[in-house]
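Visitor: In order, the protein sequences belong to chains A and B.
The opening residue of the first sequence carries number 1 in UniProt numbering; numbering runs sequentially from there.
The opening residue of the second sequence carries number 1 in UniProt numbering; numbering runs sequentially from there.
It should be emphasised that the hints constitute simulated quantities derived from the structure, not laboratory data.
Any given hint might turn out to be false.
The list treats identical chains as interchangeable, and a pair is accepted whether it falls inside one copy or across any two copies.
[As the list claims (entries may be wrong)] Here are the simulated BS3-like cross-link-like pairs (lysine-lysine), alpha carbons at most 30 Å apart as the crow flies:
1. Lys46 x Lys56
2. Lys46 x Lys98
3. Lys98 x Lys76
4. Lys46 x Lys31
5. Lys71 x Lys31
There are 2 protein chains.
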Amino acid sequence: MKLELLASFFLLTTCFTAFSQEKQDTAVADKGLIKVSVMYPYAEGKTFNMEYYVTKHMPMVAAFLGANLVKYTIEKGLASGIPNQPLPFMAIGTFYVKSLSDYQAAIAPHGDAIRADFQNYTNIIPIILVSEVVN
Amino acid sequence: MKLELLASFFLLTTCFTAFSQEKQDTAVADKGLIKVSVMYPYAEGKTFNMEYYVTKHMPMVAAFLGANLVKYTIEKGLASGIPNQPLPFMAIGTFYVKSLSDYQAAIAPHGDAIRADFQNYTNIIPIILVSEVVN
């Protein structure tokens, strides 16, 4: 019986240890990753179909990236944070990857397909920022 | 002895359930949050002291936000993702908050102190994007 109690205690300890480790990993998980942010500037007459972007375009590109892709995010621009300034970006799609060169190698053969899909959801020419998560 | 085995099994199941729940929470944790992204455009002659920004400015602003702040991130611009294009942004600091109005109310009384601190790390006038995490 002592053995079983010990086993229970061991399992419980393992559980809590794994749990707190997981929480810690979450907090610092992005640090050091490379972000490729595809930013769609707002301007008069520009359109952006968020539903197509979320359900079709981003999953298509994400599928090209394999295990190098840690996660991707999509955000919808709401306003400028400075009063009386225009909205800077209508939308931003961001790929968090481990390696920029692996990202570039994976995307290169699909560049034409990705660009051809733009017209299905927007008439904006995006800017692309490559950055590193420092904190 | 049967009881202890049962208890061990229960603990193990609880552990795995809690663990997988945590992983799921991590993946979708940001969805629906408001991002306030302070973006520092690159241009010839512009400077940005990342060390001061990471150790002094961002922690100061974060401390004003209280429980409304879920997390904040800092990224360092590396390059444009489009060949032969200039770097779009030297740095971006982002606050993930639950409520935009609570953010604005918390920041308002400290606006002068925040702006006065800019000169300690940069000569860039930032643009600010308010956006919603949709995915």
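Visitor: Hints first: check each against the structure and report whether it holds.
Guide: Hints versus structure:
Taking identical chains as interchangeable, the C-alpha atoms of lysine 46 and lysine 56 lie at most 30 Å apart only when both belong to the same chain, with a minimum of 20 Å there against 38 Å between chains. Proximity of lysine 46 to lysine 98 under the C-alpha cut-off of 30 Å is restricted to the inter-copy arrangement: shortest distance 29 Å between copies versus 33 Å within a copy. With identical chains, the CA atoms of lysine 98 and lysine 76 are at most 30 Å apart both within one copy (25 Å) and between copies (15 Å). Taking the shortest Cα distances, lysine 46 and lysine 31 sit within 30 Å of each other only across copies (25 Å), while inside one copy they are farther apart (34 Å).
In this assembly of identical chains, the alpha carbons of lysine 71 and lysine 31 lie at most 30 Å apart whether taken from the same copy (13 Å) or from different copies (13 Å).
Every hint from the earlier list agrees with this structure, and none is contradicted.
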